[in-house]
Amino acid sequence: MSERNMNGRTPLLEAQGICKYFGGLKAVENVDMKIYAGDIFGIIGPNGAGKTTFFNMCTGNFQPTKGKIFFDGEEITGMSPETVAQKHIARTFQNLQIFKFMTVLENVKIGCHIKTRSNLADAILHTRAYREDERYTTEKSLEILNRIGLSSYRDTLAGNLSYGTQRKVEIARAMALEPKILLLDEPAAGMNPLETRSLMEFIQSLNADGYTIAVIEHDMKFVMNSCNRILVLNFGQKILEGTPTEVKNNPEVQSAYFGKGMVAGEAIQ
Amino acid sequence: MEYLLNQVVNGVCQGAIYALMAIGYSVIVGVVGMVTFTYGEIMMIGAFGAFYSFQYFGNNLPLAILLAFSSSFLLGIVVYKVCYEKFFNAPRHISLLCTIGFSMLMKNLAQIVFGPETKPMINIIHNETFTLRLAGVAVDFKLLQIIVMLLVVFFAVSLTLFFNRTRWGVALRAVSQNKQAAYLMGINVRRTAMLGNCIGCGFGGIAGILLSIYYYAVSATIWGNFSMKAFSASVLGGLVDLRLSALGGLCMGLIENLGITVSSATFRDVFSFSFLILILIIRPQGFAAKKGSRV
Amino acid sequence: MNKIAAVVNRYRALFLVLVFAVLCALPFVIPKALYVRYACNILMFTTLAGSLNAINGYSGQTCLGQAGFFAIGAYTCAIFSTRFGLDFWLLLPIAGVLAALVGLIVSLPTLKLQGIYLSIVTLGASEIIRIIAQTWTPVTGGALGIKNIPYPWLFGLDTFRPKYYYFIFLIIGVVFLFVTNRVLRSRVGRAWISIREDQIAAKSLGVQTSFYKSLNFMYGAFWAGVIGCAYAPFVNYIEASQFSTDTGFNVLAMIVIGGQGTLVGPIVGSVIVTVLTESLRFLENWRYVIYALIIILMMWLRPQGIAGASHSMLAGGKIKRKPIRKGGAQEHV
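Residue numbers (our numbering), protein chains in the order written: chain A, 1 to 269; chain B, 1 to 295; chain C, 1 to 333.
Hints were generated in silico from the structure; no laboratory data involved.
All residues carry an ideal CB built from backbone N, CA and C; glycine is no exception.
Wrong hints could be hidden among the right ones.
As the list claims (entries may be wrong) - If you want a taste of the chain B side facing chain C, the calculated C-beta under 8 Å gives, among others:
no., residue
1, Ile77
2, Val113
3, Phe114
4, Thr118
5, Thr160
6, Leu161
7, Phe163
8, Asn164
9, Thr166
10, Phe231
11, Leu258
12, Thr261
13, Val262
14, Leu280
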């Protein structure tokens, strides 16, 4: 699967020698990454390996100390999160940043922000731009909710939903950006095995629809089975970037991540 | 030139009082983690405590200061119970509005209890002036100013010692740095926060009496908008750093007094507030190296 | 409560027409001119509190200096109409725009700051405006203020009498509510609310938070300016002390008591506060004590206010878990 990405195409999201230091702490040290269009790209590593920090740099929440980030051939280093989002890079958060007090539908509607253009005057005068935007927003949001299977919750306050469902709301909201790449930070955290599996299937189906997805995940089964390329981080450093098989067979990864003596294959079972 | 130098002296003296205000304010903000709009009223209560002390116990400055400190300290408990305790996990604006409500409450209660008129507070310190001649330039120091400055230095130093040398002080610093970690270390965060709030308020009370002595007057509304000045001064110092806040207070006093030399005295507040806004736009972290992002 | 809301929603248009008709008839029904004045005050504060609510209640920034914007509007009207004889209706938008410009300047720190710093900046700005108004005698009349501000034209009605001036406030209030309602139901309003609820999330969705916060500020300041412009001829005489921080806190009290984050909240607030202040006059200073106690009590019991948005950060950051209705909901991801 990965071979088709190797034919000299420009990667969709590329990190070159990214470093992030917090004072003396080297949270991320010299990491390169290439995500190609159509990938499900997994980022794994033990706790504190710098995965989320790395993500935050890709989306502009943190500014890297060194290194560059390119999106679709354009440098996005140093851009603010909102500017990055306007390039259709959508993300979810590890600790859930949904609008708890808004209904699910409203959550997704805000996601449509960058796809619409109406301004204050349009809103006051109800111009055509406004009407079109509103129609687009509503239709698009309902379509996404349908797609993700949340239509029956559309008028429920997001904060009232179960944890797993809230995660889906966050993904739905990110999808409203019509992302060229979707960055998911531990989407399965706090889900039970059943929910995790259905989420995995959902992510695969999104990928089949043409979404490029990067995902941080601890669940090995999830990563090994659904990702076609994996980046392994440990103590802020890149150990390996490769296919699941390569990751599985790499002794360094095995010792760093799975622990010594444990057969990687066992984890996949 | 002489006028300017005298204004510098006035500025430093007023700045010293501001510094004390700012220190108290920083203690509150640091330890409690929320800002307050009641500070002016707390200072007023302190000043009134001193006023009544002067009235009933004669011209005894240490006793008056003690009374000012303790009355503000006790009010601090009420402020803490009313405005903070319930709102540690709530959005910031709620406790903020609560302190505004409390400040309105105190202001109006004080007008009812103490009466609306301005009360004089004169002859506390003998009105004596020293003149220092330096290279043909005469600079006036009032005895009052010298005493005020000495008192400020004394209290600032003793607070620093308290923070660095005592068990409670260390606990307060721990809570100010990280409530969660302090909690896990077995520190009673709520009680410590209350103590911090009270100490900050107590310092406000001392600043209140010093200001009242400095301006020879006390009234229910007199120090009302000084909570803003205290805030401004501690923002200059990065909001939670005591030493830098003191520096910020000094700067505020200097700027106000130098500002009014080039214009009229009514513009005093314009200078301090404009300066604050400028600082916030240019360098929101004040003198501190890092942004005070906790509030 | 919910039942009432449901009925109101159902016959919304009818209900609104009815309310409007009652409001129009009000000045002719009320027997005493003094009470009409109170009604005028209520309408004026509705818009003023509403403009503050547009900032505090919707984008979640705690603005404390609404009195400053109000003053800008009032002085614009007073100065231009007494000196240059400009027409009131022309001055109305000018006052709004000027206040909005000041709002923009005040909100510039928002590009870097958040929360409490912003509150302080607004409070400081409002004080600066007041002090300037108090001391810049050649222009603002200083402590003497500006007298004899001409009454506006309104279809030849004698706006000298509160009975007719009432309609100026009514028009402005209705326009304000209408426009604000439209804004809130648009992309702009959603962006504001998203900032209130969770700034990090809003940013991650591409909402330029600085821009929208500034816009929000300008919007609130605009309406404060407009209503300030309408206020000046009404009282006929303005001077700086009318725009002290206490005025600002008074308006703040209205939205705190009435409710933030809804359009009805400020209306409720201005009615309650005005009625309270006027009916408790005999208590003299105690009424302010009562006032302050109500504010504190509201913060304890219902931080979003009586008619405030319960489903928002304003309500204290906790969500009341309601059981999700059974049946309909099925997950199949």
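Checked hints:
no.	hint	in the structure
1	Ile77	16 Å, violated
2	Val113	10 Å, violated
3	Phe114	11 Å, violated
4	Thr118	16 Å, violated
5	Thr160	26 Å, violated
6	Leu161	30 Å, violated
7	Phe163	23 Å, violated
8	Asn164	28 Å, violated
9	Thr166	30 Å, violated
10	Phe231	6 Å, holds
11	Leu258	18 Å, violated
12	Thr261	16 Å, violated
13	Val262	14 Å, violated
14	Leu280	5 Å, holds
Hint violations for this structure: numbers 1, 2, 3, 4, 5, 6, 7, 8, 9, 11, 12 and 13, all remaining hints satisfied.
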